[in-house]
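Asks: Produce the entire structure from the sequences given, and follow the hints as far as they go.
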Amino acid sequence: MPRLTRAQRQELTRDAVLRAAGHEFAAHGYQDAKIDRIAARADLTRGAVYSNFPSKRALYLAVLLDLLEHDTSPGRQNSLAGALGAFVRVWLERLPLAGDPPAAARLRLRSLAGVFEDDLGRATLAQVARLEGVLLGLALEQFPDEEEAGGQGTPGGGTAPRGGEAGGRDPRGEAAEGRALRGWEPGQFRRPGESPGRFAREEAARGRRVRLAELVLTLLAGACQLAERAPGFGDPFDVIQASRHLAGLDLDDEWAPPYLDFTGAARQVWEPWRPPDGVRDELTGRPVDLGTDGVIVVLGTQRLEAAEEAVRAARPDDQVTVVVATADPAELGRLVRLRVGDLAGCLRVLEVGVPLRLVLDEDLAVTSAVLGRAGGDGRGEDGRGEDGRGEDGRDGRGRVDHGRGDHGRGDHGRDDDGRGDDGRDDHGRDDHGSGDNGRVVGVGRPPDGGPEPDELEIAIRIHNGEIIARAEGRGAAHAVAEVRP
37 MPRLTRAQRQ ELTRDAVLRA AGHEFAAHGY QDAKIDRIAA RADLTRGAVY
87 SNFPSKRALY LAVLLDLLEH DTSPGRQNSL AGALGAFVRV WLERLPLAGD
137 PPAAARLRLR SLAGVFEDDL GRATLAQVAR LEGVLLGLAL EQFPDEEEAG
187 GQGTPGGGTA PRGGEAGGRD PRGEAAEGRA LRGWEPGQFR RPGESPGRFA
237 REEAARGRRV RLAELVLTLL AGACQLAERA PGFGDPFDVI QASRHLAGLD
287 LDDEWAPPYL DFTGAARQVW EPWRPPDGVR DELTGRPVDL GTDGVIVVLG
337 TQRLEAAEEA VRAARPDDQV TVVVATADPA ELGRLVRLRV GDLAGCLRVL
387 EVGVPLRLVL DEDLAVTSAV LGRAGGDGRG EDGRGEDGRG EDGRDGRGRV
437 DHGRGDHGRG DHGRDDDGRG DDGRDDHGRD DHGSGDNGRV VGVGRPPDGG
487 PEPDELEIAI RIHNGEIIAR AEGRGAAHAV AEVRP
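Just so we're aligned: the sequence shown equals residues 37 to 521 in my numbering.
Source of the hints: derived by calculation from the structure; they are not laboratory data. The beta carbon of each residue, even a glycine, is placed where N, CA and C say it ideally should be. Mixed in with the good hints there might be a few duds.
Said to hold, decoys possible - Derived DEER-like restraints, expressed as beta-carbon distance ranges:
1) D274 <-> L40: 47 to 55 Å
2) R55 <-> P138: 16 to 24 Å
3) G314 <-> T254: 35 to 43 Å
4) L101 <-> L40: 20 to 28 Å
5) G314 <-> E502: 15 to 23 Å
6) R384 <-> G509: 30 to 38 Å
7) G314 <-> R384: 18 to 26 Å
8) A165 <-> D68: 21 to 29 Å
9) D79 <-> R265: 29 to 37 Å
10) D72 <-> L104: 26 to 34 Å
11) H59 <-> E153: 20 to 28 Å
12) A63 <-> D297: 48 to 56 Å
Replies: Below, the structure written as structure tokens:
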């Protein structure tokens, strides 16, 4: 029998931990699960568990990610009501079966009850929920309402969807009309203090359905919460039918954030653009070429709602890429990947795309490239020169070194050092060496007192392999997306 490589042994260990953890969480739930029992079931030491997953929370999120699967067989829908019904039906497949044990039911529901109780975790959940509303809203904007569908509100009737990868209307098409009202010319930059205008932004977001999407997600969150706390209550088919009726609501949805009147203009620059490779779109799973012309927006986990700024301001043929930055890929990064992956799986039933690509920048390589820094965010004090990385802290692929071990994580907090099964030591720190905010010490720390990775909002416009405009801070995504090469 051939001898396994180190990487193969690590993969087998990780799989064993995930299987054991799945059994433990299904039997006892998140709160009562014990790392010692997981290690024993996997026939590993406690230290081996922590060397693969730095906390119980990170391990729970990894188990939920492993469970993601959706049946997207119904195919294309022809109206807004049909799209809502199809999306909700796929979402409700997670509802537990009759007779499921409570802990197994919570796992099936992808429940996060009691998992993120700290301030940073709750704030991140709120931002992720807003991002979900934007993504679902952008998808729903591609379907005709009842009048446009000729009254055919059921699958098989009416007209085809109006945009995305399936063809037709792009949600940004009306944004171009709004920009025409502002009199933009190619290459023109807004002068400092010049406001884009609230009326123009309202025009740019005409036909917006983000509020409808948020209402649908609220309905689904309530259905899942009742399924967890009052099993058997309600009929899922009633929820599906109710969601279809939401298509007829007039929610007076508008998008005109008042702070955009006070944001500065993007700076005109001419800088070389050297993006890292090996990144993928969390919505489609496809590789992403960051070298193409378009807008790239780096958003920390506390600024995810700003993704809509870039989409509304961009012209229809712009390639918009949203890059999510975090100093805590094991927990906050997995949370974003779980929730976005879950939503993307449900959206596939609609057979339309959304006009953006979403990248999770776990090693902050893209963030460093956008900032124009040579990887200074995350390298160790010694610059990691002896392990093949240069003084800028990057490896051969341009990725930033965060001082992680062979498993992609640091050696902090991995073995029997007196921590309890909740993953905290006597000082109340999480088992990965971070404080209650869940951040890994020494990872992605900003130099010179700059913003934390989770609080970033940076945008650049790429044209012919160069950065031609950039902006930072609140409103940056909108300011850069307005620039015309």
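Asks: Now look at each hint and say whether the structure bears it out.
Replies: Evaluated hints:
Checked against the given bound of 47 to 55 Å, the beta carbons of D274 and L40, roughly 52 Å apart, stay inside it. For R55 paired with P138, a C-beta distance near 21 Å keeps the hint of 16 to 24 Å intact. At roughly 37 Å, the beta-carbon separation of G314 and T254 lies within the given 35 to 43 Å, and the hint holds. Distance hint check: the CB atoms of L101 and L40 are about 25 Å apart, consistent with the given range 20 to 28 Å.
At roughly 22 Å, the beta carbons of G314 and E502 sit within the given window of 15 to 23 Å. Between R384 and G509, the C-beta spacing of about 35 Å keeps the proposed range 30 to 38 Å intact. In this structure the supplied range 18 to 26 Å holds for G314 paired with R384, their Cβ-Cβ distance being about 24 Å. Separated by about 27 Å at the C-beta atoms, A165 and D68 satisfy the suggested range of 21 to 29 Å.
For the hinted restraint 29 to 37 Å between D79 and R265, the CB-CB distance of approximately 36 Å keeps it satisfied. Separation of D72 from L104 is about 27 Å and conforms to the stated range, judged on CB atoms against 26 to 34 Å. Checked against the given bound of 20 to 28 Å, the beta carbons of H59 and E153, roughly 25 Å apart, stay inside it. The beta-carbon spacing between A63 and D297, approximately 55 Å, falls within the hinted interval of 48 to 56 Å.
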